[in-house]
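Please model the entire structure based on the sequences and the hints provided.
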Amino acid sequence: MSEGHSTYTPKTGLGRWFDARMPLPRLVYDSFIAYPVPRNLNYMWTFGGILSIMLVSQILTGIVLAMHYTSDTALAFDSVEKIMRDVNSGWLLRYLHSNGASFFFVAVYIHIFRGLFYGSYKAPRELLWILGCIIYLLMMATGFMGYVLPWGQMSFWGATVITGFFSAIPLVGNWIQELLLGGFAVDNPTLNRFFALHYLLPFMIAGVVVLHVWALHVVGQSNPTGIEVKSKTDTVAFTPYATIKDAFGMIVFLFFFAYFVFYLPNYLGHPDNYTVANPLKTPAHIVPEWYFLPFYAILRAITFNIGPINSKLGGVLCMFGAIAMLFLVPWLDTSKVRSAVYRPWYKLFFWLFVADAILLGWLGSQPAEGSYVFMAQMATLFYFAFFLVVMPVLGLIETPRRLPNSITEAVLEKKNKGAGGHPAGAVSAPETKG
Amino acid sequence: MKKILTALALLGLVVAGTAAIAAEEEHNAAAPTHFPINEPKEMSWSFAGPFGTYDKAQLQRGLKVYKEVCSACHSMNLVAFRTLEGLGYSEAQIKTLAAEYTIHDGPNDAGDMFDRPGKPSDHFPSPFPNEQAAASANGGAAPPDMSLLAKARGVERGFPRFIFDIFTQYAQGGPDYIHSLLTGYDQTPPAGMVIPEGTHYNPYFLSGVSLKMPKPLSDGQVTYDDGSPQTVDQYSRDVSAFLMWAAEPHLEERKKTGFRVLVFLLLFGALVYLTKRKVWAEVAH
Chain W
1 MSEGHSTYTP KTGLGRWFDA RMPLPRLVYD SFIAYPVPRN LNYMWTFGGI
51 LSIMLVSQIL TGIVLAMHYT SDTALAFDSV EKIMRDVNSG WLLRYLHSNG
101 ASFFFVAVYI HIFRGLFYGS YKAPRELLWI LGCIIYLLMM ATGFMGYVLP
151 WGQMSFWGAT VITGFFSAIP LVGNWIQELL LGGFAVDNPT LNRFFALHYL
201 LPFMIAGVVV LHVWALHVVG QSNPTGIEVK SKTDTVAFTP YATIKDAFGM
251 IVFLFFFAYF VFYLPNYLGH PDNYTVANPL KTPAHIVPEW YFLPFYAILR
301 AITFNIGPIN SKLGGVLCMF GAIAMLFLVP WLDTSKVRSA VYRPWYKLFF
351 WLFVADAILL GWLGSQPAEG SYVFMAQMAT LFYFAFFLVV MPVLGLIETP
401 RRLPNSITEA VLEKKNKGAG GHPAGAVSAP ETKG
Chain A
1 MKKILTALAL LGLVVAGTAA IAAEEEHNAA APTHFPINEP KEMSWSFAGP
51 FGTYDKAQLQ RGLKVYKEVC SACHSMNLVA FRTLEGLGYS EAQIKTLAAE
101 YTIHDGPNDA GDMFDRPGKP SDHFPSPFPN EQAAASANGG AAPPDMSLLA
151 KARGVERGFP RFIFDIFTQY AQGGPDYIHS LLTGYDQTPP AGMVIPEGTH
201 YNPYFLSGVS LKMPKPLSDG QVTYDDGSPQ TVDQYSRDVS AFLMWAAEPH
251 LEERKKTGFR VLVFLLLFGA LVYLTKRKVW AEVAH
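The listed protein sequences derive, respectively, from chains W and A.
Per my numbering, the first sequence starts with residue 1, numbered consecutively.
Per my numbering, the second sequence starts with residue 1, numbered consecutively.
Hints are supplied without guarantee of correctness; some may be wrong.
[What the hints assert, rightly or not] With a straight-line Cα cutoff of 16 Å, these simulated EDC-like cross-link-like pairs (lysine to aspartate or glutamate) come out:
1. 415(W) / 282(A)
2. 67(A) / 105(A)
3. 281(W) / 282(A)
4. 255(A) / 105(A)
5. 95(A) / 122(A)
6. 41(A) / 233(A)
7. 82(W) / 105(A)
8. 215(A) / 233(A)
9. 119(A) / 105(A)
Think of the hints as simulated: they come from the structure by calculation, not from any bench.
From a predicted model like this one, the values you see are computed outputs, not experimental measurements.
Put into structure tokens, the structure is as follows:
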């Protein structure tokens with residue numbers, strides 16, 4: 001948190017000269033060295049840093065891939081294969097980039113669920129949360145367009161299905177769809193504009209990330225207790241404490257990422273995308289990338305008309321509504337207590353919600369037939385009920401557990417408890433301390 | 001609150017129940033609704049696992065099968081002769097091999113198209129001049145290009161196997177499928193099953209009861225000079241392995257690099273973890 005003016009003066013003469021003209025050294029010092037972070041942050045708080053290295057990695061690999069890629073329907077597929085076969089380390093760049101997108105989403109989902117669990121969206125962090133939601137939305141657009149670029153069967157048919165959603169919107173739907181496609185069907189103009197936008201959007205993401213981090217540095221980080229920082233003893237300096245912990249979190253994350261890149265590079269993709277796009281041949285099942293599957297399940301769960309809204313529009317509305325819910329979370333949750341640690345009922349429903357999201361993801365990968373449809377409808381119902389019923393109602397009727405008075409008190413309580421349990425508690429259970 | 005939970009639990013049971021019923025839906029052998037009818041057989045491949053490498057002798061045999069059988073109908077556009085170094089051939093051998101092919105090239109200075117012997121930089125030529133010709137010669141559908149076939153085919157693994165696959169590093173769905181398909185002919189379809197005319201029953205085929213391609217391999221069809229058995233099963237294994245190489249020529253390099261990267265991350269991670277412990281030792285958190 002920035003408390004008044006910085007008192008930092010660079011140590012070297014050159015640093016002071018620079019700082020007097022443009023206080024960049026001061027900004028870096030205040031943001032990444034002296035910045036106070038709550039001392040009780042666990043490893044769930046390392047995902048912000050992980051996400052930023054994933055963004056940088058995607059941009060770097062992406063720029064090099066763009067040097068070899070050709071966004072022409074006749075050449076795109078072969079240009080990707082040229083990268084895989086002939087470009088030096090091209091296979092590595094391309095697998096890093098395609099799996100990087102997946103792991104970017106793994107990290108963002110953990111980051112979002114962490115926010116939901118610890119109530120990180122509550123005042124004064126509503127804007128911080130909404131900026132995060134905007135980043136997520138931009139990521140989805142980027143990921144979707146990126147999947148179209150290799151011009152495989154799933155690229156083509158995924159693009160056809162997803163842009164088809166927009167035609168369900170009354171009055172302007174067809175116009176929006178044609179604008180997206182640059183014509184009446186997915187074709188060369190579509191591929192070209194998707195490539196241009198796929199190159200542009202990551203820089204927009206980077207811009208919103210700057211705002212996200214700026215807002216974070218104004219309101220400060222939340223923490224597992226959800227209690228605001230009250231005194232200096234509640235915090236530690238960003239460097240070395242948070243830096244070293246973030247570094248360890250990143251390395252563990254990169255380990256899992258590397259495991260997929262080098263040993264299972266096509267596990268998260270679809271075999272059909274290794275067949276060049278063919279507008280005359282529809283694949284048996286059109287499935288989007290795994291990170292869209294829960295929303296795809298919600299889209300297909302609406303098989304009935306509601307009054308004037310037909311099932312297609314209803315599905316599209318529910319799908320976009322499912323994402324819109326996230327934007328409203330700061331005002332849907334009525335509880336005065338932030339963290340689920342002190343909210344036994346919310347904690348239970350939170351985990352049910354996680355299970356529900358995973359179930360929806362699995363249903364999204366299955367054909368929409370038979371009992372899957374009913375299951376998807378029930379799971380969709382719970383998805384919306386979690387936001388629209390559980391969140392507002394629980395806050396009013398739930399009795400939270402006793403809150404500690406401060407972060408320091410919570411930390412010391414835990415330490416004493418740990419010391420009572422096992423004499424060397426401080427070192428014997430590092431994983432529980434985070 | 002308890003009521004809500006009971007209701008939720010009941011709902012869960014209902015959902016699980018319907019799912020179970022759906023799974024047990026009557027199974028009509030003569031009119032199957034899900035393909036393939038039989039799952040691919042999981043074979044043991046030299047290139048599986050974290051230290052997998054291609055068996056070069058097997059790849060060379062697979063290339064022979066491709067050259068003498070598959071290439072009559074299937075192109076392999078993305079593979080250049082020069083990359084056959086990966087099969088253990090020398091530069092001179094590749095030159096000779098490429099020269100066996102005739103490449104349609106041009107125009108020359110006089111503006112004429114001409115035929116010339118292949119060079120290492122050429123790709124495998126297609127058996128048909130264009131896709132339309134390939135389709136019309138093969139009953140309406142062009143035989144798929146084989147460059148990426150081993151990555152472009154795969155049968156869905158289903159829950160919970162797709163979870164186990166992460167730990168076993170199962171990434172051989174393509175070659176398993178190709179091998180099963182090639183060895184899956186010659187079976188009698190169940191009584192009452194309608195096999196469309198001009199197609200051939202194969203219970204391993206991914207998208208129907210039968211496919212247009214007739215049984216391509218028979219025992220003794222390709223002569224091996226290294227003493228390997230000249231059986232359909234062996235041909236199928238060899239050509240599947242070869243197609244995996246064609247689809248993923250950098251597999252060995254990938255796995256080798258991966259091992260180094262993971263070992264580095266493990267050691268680096270351990271050091272950073274110890275540093276983290278030291279930094280935080282004095283601070284309760």
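Tested hints:
1. 415(W) / 282(A): OK: residue 415(W) and residue 282(A) at ~12 Å, within 16 Å.
2. 67(A) / 105(A): Roughly 21 Å separates the two Cα atoms, so the pair is violated.
3. 281(W) / 282(A): violated (65 Å)
4. 255(A) / 105(A): Given pair residue 255(A), residue 105(A) is violated - Cα atoms ~38 Å apart, limit 16 Å.
5. 95(A) / 122(A): holds (10 Å)
6. 41(A) / 233(A): The hint holds at about 12 Å.
7. 82(W) / 105(A): violated (21 Å)
8. 215(A) / 233(A): holds (13 Å)
9. 119(A) / 105(A): Distance of about 12 Å is within 16 Å: holds.
In this structure, the hints that do not hold are numbers 2, 3, 4 and 7, in rising order.
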